[in-house]
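Peer 1: Okay, here's what each chain looks like letter by letter:
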Amino acid sequence: MEFDQYHEPPEELSPELRTKARLFASLAEEAEAINWYEQRLSVEPDPEARAIMRNAQHEEFKHFAMDLEFLFRRIPVWRDLAEGVLFKDGDIVEHGEAAEAGTDEDGSGDTGAPSGSGSLGIGNLKGAGL
Amino acid sequence: MNHLLRGHAPITDEAWKQIDEEARQALVPRLGGRRLVDFEGPLGWGHSATDLGRVTDPTPGPAPGVQQRSRRVLPVVELRAPFTIRRSELEALDRGAVDTDFDSLNEAARQIAVAENAAIFHGLESGGIQGIAEASSHDPIPLGDNDFSSYPEHIAKAIEVILSSGVDGPYGVALSPECYTGVVESAERGGYPLLSHIRKILKESGDGPLVWAPGLDGVVVASLRGGDFLFESGQDLSIGYESHDAEVVNLYVEESFTFRVATPEAAVALPK
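As you go down the protein sequences, you meet chains D and C in turn.
The first sequence begins at 1 in this note's numbering and counts up by one.
The second sequence begins at 1 in this note's numbering and counts up by one.
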């Protein structure tokens, strides 16, 4: 059985990375669904059908936001960068460039802890014993 | 760059990776408290308080006929443990040395882990935090002096007390370093290791963890069903930069958090 969210052999990936991969896949699916509803709403003339589609699209907004927040929490440098871009008025590209300059690029390992952000990425240890 | 100011430190990327890895290795085994509690976050350095959903008693407001109440919140506590690394050690590390002197870092990691565990189990009065042991609504079960062979019986009793109050498992056991050492070194009559007996009790009550928790005094048994013990992280444990001179770099390990006990029935303290 194949799983599209993996680009490396799954058995070589940590459980944390596999969880992230599932959420990345969900994020893409929610964005795709929002796009579908945008297009359907633009051409559907029946008000009742439009109301249902609007309601369904609203659900997808929520799912997308939850997926994104989960990934931000697991990849702190992404969150740091996003904080410089999201929910700000003004030039998006300028905000993006400024946010990029303020965060390091070096990667996030399985722990989700990039050395640039300063976080050690320890997080939740519940249930882990000696 | 964020408030940790790591970009101002005279430390190469490779050295930062080594410092972070060393800190993780020093911290994770010691963080016994967060192995038993729900972890929420990290919500960011800007997160300042946890909403409690409660208000103060009403008082007369600023105009006749108006009552005033204030929202109650639990302020985030910041813990910081400074340490130093000699610049000559950092240079050696960049040349490939594998025996870098990280003693000061290890000590800071130990101190902040002890502080976090102490806050979770025994509270932090100055920060408005009540710990699991103090918040428990059950009578403590005294362990007695160094009679380690009775620990399995006491732990089984504590689980029964929590279960009797309607709180499901799995259940976890946290041991202070002193109690852990005593348990590891002891055996019951017949030679059965105490540690194995305690693990067996936990396995049969939902397979919860046994954890080592420096900063804890005695033993705590707690339910891990969720929703009872809430650790809310602002900034999770991180390494920041303070200053440097020609000889040393001054850094610190830091975190911010709140901790709440939502269900006092979900744990029992077993003091020494």
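FYI, nobody ran anything at the bench for these hints, they're computed from the structure.
The structure presented is a predicted model; accordingly, all values stated were derived computationally and were not measured.
Virtual Cβ for every residue (Gly too), placed ideally from N, Cα, C.
Keep in mind that a hint or two might mislead.
[Claimed, not checked] Covered stretches of chain C (chain D as the covering partner; in silico rule of three or more C-beta atoms under 8 Å from a C-beta of chain D):
| hint | segment |
| --- | --- |
| 1 | 16-25 |
| 2 | 104-114 |
| 3 | 142-155 |
| 4 | 203-214 |
Peer 1: Are the hints correct? Go through all of them and say.
Peer 2: Status of the hints after comparison with the structure:
1. 16-25: holds (count 5)
2. 104-114: violated (count 0)
3. 142-155: violated (count 0)
4. 203-214: holds (count 5)
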